[in-house]
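From first to last, the protein sequence lines stand for chains B and Y.
Note that this note's numbering numbers the first sequence so that position 22 is 22, with each residue one more than the last.
Note that this note's numbering numbers the second sequence so that position 148 is 148, with each residue one more than the last.
Quick caveat, the hints were computed from the structure, so don't treat them as lab data.
Glycine included, C-beta positions come from ideal geometry on N, C-alpha and C.
Among the hints, a few may not be true.
Unchecked claim - The list that follows gives simulated cross-link-like pairs (lysine to any residue, SDA-like), each with its CA atoms no further than 20 Å apart:
| # | chain 1 | residue 1 | chain 2 | residue 2 |
| --- | --- | --- | --- | --- |
| 1 | Y | 135 | B | 109 |
| 2 | B | 60 | B | 81 |
| 3 | B | 109 | Y | 40 |
Stated by the list, open to error - So the derived list for chain Y, only partly shown, Cβ under 7 Å to chain B, looks like this:
| # | residue |
| --- | --- |
| 4 | 43 |
| 5 | 216 |
| 6 | 238 |
| 7 | 270 |
Claimed, not checked - Simulated DEER-style distance windows between Cβ atoms:
| # | chain 1 | residue 1 | chain 2 | residue 2 | range |
| --- | --- | --- | --- | --- | --- |
| 8 | Y | 23 | B | 63 | 47 to 55 Å |
| 9 | Y | 127 | B | 85 | 50 to 58 Å |
| 10 | Y | 88 | B | 242 | 19 to 27 Å |
The primary structure of each chain is shown beneath.
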Amino acid sequence: MRSKLWVPLFTLLSLAGCSSKSGDAPAAGAPSGEAAVTLLNVSYDPTRELYTDFNAAFAKHWEAKSGKKVTIKQSHGGSGKQARAVIDGLEADVVTLALAYDVDMLHDKGQLIPQDWQTRLPNNSAPYTSTIVFVVRKGNPKGIRDWDDLLKEGVAVITPNPKTSGGARWNYLAAWGYALRKEGGSEATAQAFVEKLFRNVPVLDSGARGSTTTFAERGLGDVLIAWENEAFLLTKEVGKDKFEIVVPSVSILAEPPVTVVDKNVDKRGTRAAAEAYLQYLYTDEGQELAAKHHYRPRSQAVAAKHASQFPSVSLFTISDVFGGWKKAQAAHFDDGGVFDRIYAPQAR
Amino acid sequence: MPASTKRRVLPGFRLSLGFSWFYLGLIVLIPLSSLFLKTFTLTWAQFWTTVTSARALAAYQLTFGASLAAALANVVFGLLVAWVLVRYRFPGRDLVEALVDLPFALPTAVAGLTLTTLFSANGWYGRYLEAVGIKVAYTSIGVAVALTFIGLPFVVRSVQPVLEDIDVDVEEAAATLGATPWQTFAKVLFPAILPALLSGFTLAFARALGEYGSIVFISGNMPLRTEIVPLLIVTKLEQYDYAGATAIAVVMLLASFTLLLAVNLLHRWTNRRLEARPGH
Numbered sequence: 001m002r003s004k005l006w007v008p009l010f011t012l013l014s015l016a017g018c019s020s021k022s023g024d025a026p027a028a029g030a031p032s033g034e035a036a037v038t039l040l041n042v043s044y045d046p047t048r049e050l051y052t053d054f055n056a057a058f059a060k061h062w063e064a065k066s067g068k069k070v071t072i073k074q075s076h077g078g079s080g081k082q083a084r085a086v087i088d089g090l091e092a093d094v095v096t097l098a099l100a101y102d103v104d105m106l107h108d109k110g111q112l113i114p115q116d117w118q119t120r121l122p123n124n125s126a127p128y129t130s131t132i133v134f135v136v137r138k139g140n141p142k143g144i145r146d147w148d149d150l151l152k153e154g155v156a157v158i159t160p161n162p163k164t165s166g167g168a169r170w171n172y173l174a175a176w177g178y179a180l181r182k183e184g185g186s187e188a189t190a191q192a193f194v195e196k197l198f199r200n201v202p203v204l205d206s207g208a209r210g211s212t213t214t215f216a217e218r219g220l221g222d223v224l225i226a227w228e229n230e231a232f233l234l235t236k237e238v239g240k241d242k243f244e245i246v247v248p249s250v251s252i253l254a255e256p257p258v259t260v261v262d263k264n265v266d267k268r269g270t271r272a273a274a275e276a277y278l279q280y281l282y283t284d285e286g287q288e289l290a291a292k293h294h295y296r297p298r299s300q301a302v303a304a305k306h307a308s309q310f311p312s313v314s315l316f317t318i319s320d321v322f323g324g325w326k327k328a329q330a331a332h333f334d335d336g337g338v339f340d341r342i343y344a345p346q347a348r
Numbered sequence: 001m002p003a004s005t006k007r008r009v010l011p012g013f014r015l016s017l018g019f020s021w022f023y024l025g026l027i028v029l030i031p032l033s034s035l036f037l038k039t040f041t042l043t044w045a046q047f048w049t050t051v052t053s054a055r056a057l058a059a060y061q062l063t064f065g066a067s068l069a070a071a072l073a074n075v076v077f078g079l080l081v082a083w084v085l086v087r088y089r090f091p092g093r094d095l096v097e098a099l100v101d102l103p104f105a106l107p108t109a110v111a112g113l114t115l116t117t118l119f120s121a122n123g124w125y126g127r128y129l130e131a132v133g134i135k136v137a138y139t140s141i142g143v144a145v146a147l148t149f150i151g152l153p154f155v156v157r158s159v160q161p162v163l164e165d166i167d168v169d170v171e172e173a174a175a176t177l178g179a180t181p182w183q184t185f186a187k188v189l190f191p192a193i194l195p196a197l198l199s200g201f202t203l204a205f206a207r208a209l210g211e212y213g214s215i216v217f218i219s220g221n222m223p224l225r226t227e228i229v230p231l232l233i234v235t236k237l238e239q240y241d242y243a244g245a246t247a248i249a250v251v252m253l254l255a256s257f258t259l260l261l262a263v264n265l266l267h268r269w270t271n272r273r274l275e276a277r278p279g280h
């Protein structure tokens, strides 16, 4: 009995000991550069495959360039949840999240990065982009071509809940921006448009992957609003010949941003490697890997090579239409915002 | 100080009581009080608007309603399962015993995904239920179904040992005195197992109130209709509204605590009545 009790206790203690040691070692002024560097990249769900490839490529590049070994650990989850983990003390060297709002919170709530973090790397610190497209069932039985078709009677639209999913916020804002750009479009017509769209939504999953499952596995809905890279994954890898991608006439330029977490890299002495890691995303090799995993590359040359994969869409940005993420968040998704009003009792 | 001077039969009471308080404080009270502290960053008016918004009220209703329905269903069917397990020997009994505990061990998200697959329009159960007009997945019925699944072992495992303690002679005696099977159950067996049934109900109910993983998949999360309180808390967190999230959590906690306390008092009362019965 006695020994049985000691085993878990001992494991717990030794774990606690280990984790505090590994956290403190660089801060204690270990000669940085001698030992192998470890980086932690805290990211969101759909980038798992991309960063598995990219980390291997960067490790090779960094060893050739600096003669040092680097190991990169990845952590994936919902974008907001990941940001909160970093704010609460997860020692990420870099974050690669789904939206700038979540990265902003690293400054606002955690003081981990400077306010102007988004100007530190080219293209708003977003090395690759994506957009919002539709996935329909094979043959497109409901004839869905553009955003207006989602409002038709009898069309069931699948999208996650913007209150809990970063991806869903892109979907929502894409629809809103489209309605604004229509002839005679105004804030009022846009709200009516989005309200009507959400009347056709039978289920609000809490995350983007949940919605994909609802659409693909449960057979619910006629159209799934999704990230372009998720749509590719679905049509090329998960359900070949079961789904088709429909690209709307207008959509939003989704810019998933990246940044070094200053407070953590300074504490751990990993700034050089962490900065090089993010810069490497902008090189040809980084851009090629992004394209391979269905993200739109920023580099003109690489984009031209993959032009057939990414149909041209008229894209608008968050700052064009909404004046940035913070304003969009406050107006639409905070409590009492437009999204809540859509579901308010009197609206139903 | 009569209490401290009185010698107790068993040694070590003070040490173990002290340890119990220390342990409870460390593991339960301190985390919970930090929850309360976080809500103190809100003004009273902010707190009140947060916890009484239309969405929050709808969510309390669904969460408490579905949990209650699930716990009641488990009282009935859990008692049946326990009865069969105690009174009959049949092939595969060990398998059933193990199956009963499975909802304890299964990650709730897996349970939620599985149940959603079964009950959605193209699932094994769902396709027949929808044919007769019953929608389960993505409705409040689905929520209750998932909560029933995760709550079943609590009732079975509370009632089983008590049933095992009741000798078959008691029933035989009742029968020889001319009791019908129903009278035997209502007057002899039921009062004896009532306290255990109540604690099983309490555990299943409490477990259901906090459930998140299995529900987010099957409920469809529609605001005002199928949104549960834990999801609302997560929603607040997604907006970095820590204080708002803890405010709702505090309401949930107080409501659950009051309910559990009430059931526990009821439990004690039935116990005492049972002991006071003639013949005991």
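Verification of the supplied hints:
no. : hint                      : in the structure
1   : 135/Y to 109/B            : 43 Å, violated
2   : 60/B to 81/B              : 31 Å, violated
3   : 109/B to 40/Y             : 18 Å, holds
4   : 43                        : 15 Å, violated
5   : 216                       : 5 Å, holds
6   : 238                       : 4 Å, holds
7   : 270                       : 36 Å, violated
8   : 23/Y to 63/B: 47 to 55 Å  : 50 Å, holds
9   : 127/Y to 85/B: 50 to 58 Å : 40 Å, violated
10  : 88/Y to 242/B: 19 to 27 Å : 48 Å, violated
Of the numbered hints listed earlier, those contradicted by the structure are 1, 2, 4, 7, 9 and 10.
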